[in-house]
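Working from the sequences, and respecting the hints, build out all of it.
Protein chains: 6
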Amino acid sequence: MFSLTVNDHVMIAHSLPNEFFGPAQAMHGATLAVEATFSRENLDEHAVVLDIGEAMSLLDAALTPLRYANLDEHPDFRGRLSTTETVAQYIADRLADSLSDRPHIGIRVDLQENPRASVTYTVPDRP
Amino acid sequence: MFSLTVNDHVMIAHSLPNEFFGPAQAMHGATLAVEATFSRENLDEHAVVLDIGEAMSLLDAALTPLRYANLDEHPDFRGRLSTTETVAQYIADRLADSLSDRPHIGIRVDLQENPRASVTYTVPDRP
Amino acid sequence: MFSLTVNDHVMIAHSLPNEFFGPAQAMHGATLAVEATFSRENLDEHAVVLDIGEAMSLLDAALTPLRYANLDEHPDFRGRLSTTETVAQYIADRLADSLSDRPHIGIRVDLQENPRASVTYTVPDRP
Amino acid sequence: MFSLTVNDHVMIAHSLPNEFFGPAQAMHGATLAVEATFSRENLDEHAVVLDIGEAMSLLDAALTPLRYANLDEHPDFRGRLSTTETVAQYIADRLADSLSDRPHIGIRVDLQENPRASVTYTVPDRP
Amino acid sequence: MFSLTVNDHVMIAHSLPNEFFGPAQAMHGATLAVEATFSRENLDEHAVVLDIGEAMSLLDAALTPLRYANLDEHPDFRGRLSTTETVAQYIADRLADSLSDRPHIGIRVDLQENPRASVTYTVPDRP
Amino acid sequence: MFSLTVNDHVMIAHSLPNEFFGPAQAMHGATLAVEATFSRENLDEHAVVLDIGEAMSLLDAALTPLRYANLDEHPDFRGRLSTTETVAQYIADRLADSLSDRPHIGIRVDLQENPRASVTYTVPDRP
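Quick mapping for you: the protein sequence lines, in order, are chains X, D, L, Y, Z and E.
Using the working numbering, read the first sequence as starting at 1 and increasing by one per residue.
Using the working numbering, read the second sequence as starting at 1 and increasing by one per residue.
Using the working numbering, read the third sequence as starting at 1 and increasing by one per residue.
Using the working numbering, read the fourth sequence as starting at 1 and increasing by one per residue.
Using the working numbering, read the fifth sequence as starting at 1 and increasing by one per residue.
Using the working numbering, read the sixth sequence as starting at 1 and increasing by one per residue.
Certain hints may be false.
Here are the in silico distance ranges between beta carbons for each label pair [said to hold, decoys possible]: (1) 73/L to 126/X: 41 to 49 Å; (2) 61/Z to 80/E: 45 to 53 Å; (3) 100/Y to 26/X: 54 to 62 Å; (4) 41/Z to 101/L: 22 to 30 Å; (5) 23/L to 67/E: 46 to 54 Å; (6) 42/L to 75/E: 22 to 30 Å.
Just so you know, these hints were derived from the structure itself, not from any lab.
Just so it is clear, CB atoms sit at the ideal spot from N, CA and C, and this is done for glycine as well.
Written as structure tokens, this is what we have:
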């Protein structure tokens, strides 16, 4: 099993309007350091998991709607809590869409939201 | 699959009294940088794996017996080699105890003992 | 010359309403990973620059007004661009205030705003 | 499940002579920061996955042919593209050879080729 | 005193043909993780040291001749040992050239050549 | 001005027997991640600050008395509080001794004692 991981980041604002979140109910923000991991059983004909340049372009495209965004006003997060977990799944689903023609490539997204906490979402096996 | 990772650290003294351990047989110490990872299939009703504050509190509680401790004199390590692997399992088992009412949450503990070496222990699936 | 550095973080929202800032004019946010460095010529009677616990408390107190804050609505940033540089100076000035009785201790603040960029502010020598 | 990770690095030169690789077709180089992870179900009689010193020696031996090497002229990479993925597999296979008497130990190699990209290879279960 | 640091990287091949360098006399390579630090006494009218985007563009331009380069064949290193120190000075001098109209901005370059070693070059005060 | 930084680590036990140190009065330990920085105005005839191998050897020699040591029983720390600051100065002074024939080389030692705190000691200019 091989995997390739590339990274990038986005800087977003949001609030988490539920008393469960304590002080994070207020409008605040985060730098989300993003890692996207692509995995597959065997390498392609160029002996790579994916071209690094393509991997970075895919991640950049997946992150575009989030760059300098206020998630409270973002149509894709309407009616949803924009927790880091939700954002990780959102990014991973966008990566899965752009790799819909290559379902043998596994996808995982890691988001470090601050130096003390990070989350991961792994896309289920695709048919 | 989602996971949440939070981190903390403890500073312990111990010796490893078996010639297998060479110079580490002597009384020495370590800063153990600890990562606790909680994983589950689906998010809870607040769209998180676990509240970050609760995750940090659980980890803090699991680490309390180890803070500024001399493991050679620690009742929980009596008659056992306090290797980093053993300490990782100890912390993970304490986390599992505190999450005994939520067996669907997976638990893994990573301990970085120095810049060149780290260990991981994953709690087996709980019934 | 000795120095002690401790770290913490805050998660803020803000906008930078000047076309100079391009896409960062929009409401967005940042995790600011903060390092505070305290320096002095000679150690104190306990052979330290400052007690680590006190250093962390000082930094925590300096950061309190910024935790989960929207700087666009923050009274301390009214009429000012809340650039990372400005925030670094704000934190450092608060540290200097809390150390006004110890002017021989130098103060520097480093803010990492994302994995690609950080800023530093060093408080001038205090009389 | 327990694992132990140790790290080291090598500095290699190579080219990737296929237009697929764009500017990386030219002779260039890389510092490969290497992590080797050893995993097993249960600890050994000394309560470790593997002695850290032995783990580092095994990794050092696996890396020896790569230190300050030009992979374009390296007999082990003749006729192959020396992508980071290929190098990861090469290192892991060497580790597997040196642990051929201990097939219950799992092996994974991570190579960070630059601050933005890394690859992983996991050795399949060994009989 | 304020400073801004941005980072990037280049992947180069070279040899160090002098017996002083032992095994590094052979053709090998390095990923050079580069930090460029810009410093000044006071912030500009936008309350920054330098626009981050401009700082990254300046660094990118300074690094362009080094990307995927074989320094042994590079005209700018003809007749010179391309040690990490020399490369740091080369990058810093290019940054100084591009900031020749702003001599009040100090320039420092840090190069991490591997996880165990890094070098720094600080440009002298400019007239 | 040029500098070279190399790193290593030691794992020590100690206590800080003064009520000032709160829970750190107990026997505990630390992994001290050590950075040694050597600086000079101009490069030597091989275009380096110092040979990296020599720098690492010097640091290794300076750290030898501390490896797997219990500082409470260490003759060099008799009657002294072995704070991180004191240990930093101890290492730096040993480096200065081994470079007594090269007083134009500046010396600084950074010790990271845990993920939240580090200290630095800079050797004064040597005659």
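Taking the hints in turn, this is what the structure says about them:
For residue 73/L and residue 126/X, the hinted distance range of 41 to 49 Å is satisfied, since their beta carbons lie about 44 Å from each other. At about 52 Å, the CB distance of residue 61/Z to residue 80/E agrees with the hint of 45 to 53 Å. In this structure, residue 100/Y and residue 26/X meet the distance hint of 54 to 62 Å, their C-beta atoms being roughly 58 Å apart. Distance hint check for residue 41/Z and residue 101/L: the Cβ-Cβ separation is about 27 Å, which falls inside the suggested range of 22 to 30 Å.
Checked against the hint of 46 to 54 Å, the pair residue 23/L and residue 67/E passes, with Cβ atoms roughly 51 Å apart. Taking 22 to 30 Å as the suggested C-beta distance range, the pair residue 42/L and residue 75/E conforms, at roughly 24 Å.
When the structure is compared with the earlier hints, no violation turns up for any of them.
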